[in-house]
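Peer 1: As you go down the protein sequences, you meet chains Y and L in turn. Everything in the first sequence is counted per the working numbering, starting at 4 for the first residue and increasing by one. Everything in the second sequence is counted per the working numbering, starting at 4 for the first residue and increasing by one.
By construction, these hints were calculated from the structure, which means they are not laboratory data. Please note that the accuracy of each hint is not assured.
Which copy? The list can't say, so a pair holds if one copy fits it or any two copies do.
To be verified - Heads up, simulated DSBU-like pairs for lysine-lysine below, C-alpha to C-alpha not over 35 Å straight-line:
no. : residue 1 : residue 2
1   : Lys213    : Lys286
2   : Lys158    : Lys387
3   : Lys59     : Lys387
4   : Lys38     : Lys213
Please read all numbers here as calculations on a predicted model, not as lab measurements.
Protein chains: 2
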Amino acid sequence: MSQNGLQANNNNQPKEGASSPYMSNDPNSNVANFKIIESTLREGEQFANAFFTTEKKIEIAKALDDIGVDYLELTSPAASEQSRNDCTVISNLGLKAKILTHIRCHMDDAKLAIDTGVDGLDVVIGTSSFLREFSHGKDMEYITKQAIEVITYIKSKGLEVRFSTEDSFRSDLVDLLSIYKAVDKIGVNRVGIADTVGCANPRQVYELVKTLRSVVSCDIECHFHNDTGCAIANAYAGKFYYYYFTGATHIDTSVLGIGERNGITPLGGLLARMYTGDKEYVKNKYDLTKIREVENIVAESVEVTVPFNNYITGYCAFTHKAGIHAKAILNNPSTYEILNPHDFGMTRYVSIGHRLTGWNAVKNRVEQLDLDLTDDDTKAVTNKIKELADVRPLSLDDVDVLLRSYHQAKADGSHTHFLKKIETPEHITAISAEATA
Amino acid sequence: MSQNGLQANNNNQPKEGASSPYMSNDPNSNVANFKIIESTLREGEQFANAFFTTEKKIEIAKALDDIGVDYLELTSPAASEQSRNDCTVISNLGLKAKILTHIRCHMDDAKLAIDTGVDGLDVVIGTSSFLREFSHGKDMEYITKQAIEVITYIKSKGLEVRFSTEDSFRSDLVDLLSIYKAVDKIGVNRVGIADTVGCANPRQVYELVKTLRSVVSCDIECHFHNDTGCAIANAYAGKFYYYYFTGATHIDTSVLGIGERNGITPLGGLLARMYTGDKEYVKNKYDLTKIREVENIVAESVEVTVPFNNYITGYCAFTHKAGIHAKAILNNPSTYEILNPHDFGMTRYVSIGHRLTGWNAVKNRVEQLDLDLTDDDTKAVTNKIKELADVRPLSLDDVDVLLRSYHQAKADGSHTHFLKKIETPEHITAISAEATA
């Protein structure tokens, strides 16, 4: 990878774009002021491979705190003895992030949780018709009564409290709004909507958040599963509105998106998305250069490879290959980059040793090597690279040897003959071996 | 994984959901009739690792044709000699899918492409202010003139032709609509919009497609990069509208989403998304059980691992872990599943040997093993599983040994004593070894 890479000049700042209502830095956007509830230590623990020791949880909590996430959500103390102990331990770390734990809407769970010293409780109950029938089987009146009792109790103990339904997008709308209105009335800090099965799309999220906003005055939290690829877009749709309409205030994430099934909104991907909406706010609030570190900790712990196409930190996220792209990116990175890799502690590569390369990208390398070649020379070498790369891709070293040797041959006028002699990538290797012999 | 998995009963069909405008099978949706332009052999070739031999391209083309994608898009014959040859070879395979190649808006490229025998040409030109300044530097009048010349020529040869801008979401809107209107007027088959840098969000896509729909009468193709996690949601937003509004008609995908940087809308993820919009249409049109095969071919060829959290085929996509989920999913899979794994040739797992397990999930296993245990028995064993799993996760074999041994101990009344004796996961291993000794 790095052998075949060519770092581009990053000095050119993006110029002001043309007139379009679709520009990414929309002046009407209202992305700022969202809060992240980082749930790697709760939702993430529901990932198939996850088994976090107390030490690992502490390491992850600290790494997330370094990034500057607003909240950490932990597994319910009712899940197991270690889970209870971990809530106590992490609450006592003195982190900047507020510590939450996620409990069923039940007094026993609430009491157990409060005793751990957490800052707040995320209370959840299933409400969709599917869940009402097959999961806990309780009706809405009972649910509402229980919710009020539990919330009132938590508030009386001085803790922050959120009330969320489960599977909100398949729940009866009237039931949903009724219970949110009831808990808002008694002063819940936040209501949460959750796409537990990953069925929602951004348009539905927009509509539901808008409707909910007209019913409650408290904060709104969003939790999105990614089964059908909308977890990031849904989070953005919940938050992002035109005309200064304030949608959701809190977004649930996990590192690499780990969670039940294929997971939820990933922390890194969400930050990339939000960065396009309000770069300064996101850069100033969160340390984006530390995303990679916590991803590596979590990936190692749950024994997965960071996906090749991961947001920001995937190894090809800032690699440019097609000739037409390479040319433009070398002139001005913002032509093909909406994310500045440097803001995320990453580096850009422009790959040139392949059949899709273009002469402008090769020319840039000629200039970096300070070789005196005309455009026609560069085009001739580019055609040779394409021919050879039909056999196998060339490393940047191969490209450099080809360019330098061509340049040398030009001194005695043998450059055309030189190119003809190079028939396979191995000929370059041979030249290289000769030169170092 | 499979050792720790418990397959759920899939006989229960989902019941009718409650009343909500946010239900996934929205009666107002208009998802059907989209066409897939599968671009693994074009956009995918721009992925950092991609180097496809002719044989590999043929294998991928056939595997995609088996799924039933509508089009295959190939790298421009102008890119290299092998690229030209591959267009000819794949055009002559006799596939059901139409074969396209993707060319710059240039007569030389068009002539070269037509000679390969492809069914149609996807013509592209950069139009954003960024690209106009830094890439090809041509003004709109010149671009329009050239587009008309190239399109007219391609049509005169009887081929299908699409005209797309690049970086459409950062282009000047008036320029954009002007050129689309001009090419629509001379009978282009399709216009394409492309989020080349991955900056667009679904709301912007909706607005741009809606505006474009009012200007052109031809088909509309969408191409979305995934830098900020919206590639699938954008494709859906381009296509999906309420009130029978027809948006985009063609969607570009690649296998695993491979392409420039972290890629574009992935084929599998798009199909998962579309399935939630119109299950019958998607199931009948595409062979969803063959997604995994082509993903494996491509992953091996470009030397990447299929991401752990990949849509549909990621190894945990259908794994359920949390106790509350496991209970519901065993009663009725649709409570926590919007995708039926069987429709994709996949299998569901419910994981029970961990600290988040619940007694209802364990009870289901008791029934599968045909053991005669009361609910109190099951709860006692579940608490023991949680205690042991705080040390390390248990395999399904471990859970089975624990359940069977408890059941055996019950015969002579020593079951309570038996559970007390089991203090670490290794004790289960010891019992297991004893039994087989």
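Peer 1: Evaluate each hint against the coordinates.
Peer 2: Now the hints, each set against the structure:
no. : hint            : result
1   : Lys213 / Lys286 : both (28 Å within a copy, 33 Å between copies)
2   : Lys158 / Lys387 : between (73 Å within a copy, 33 Å between copies)
3   : Lys59 / Lys387  : between (52 Å within a copy, 23 Å between copies)
4   : Lys38 / Lys213  : both (18 Å within a copy, 32 Å between copies)
In this structure, every one of the numbered hints holds.
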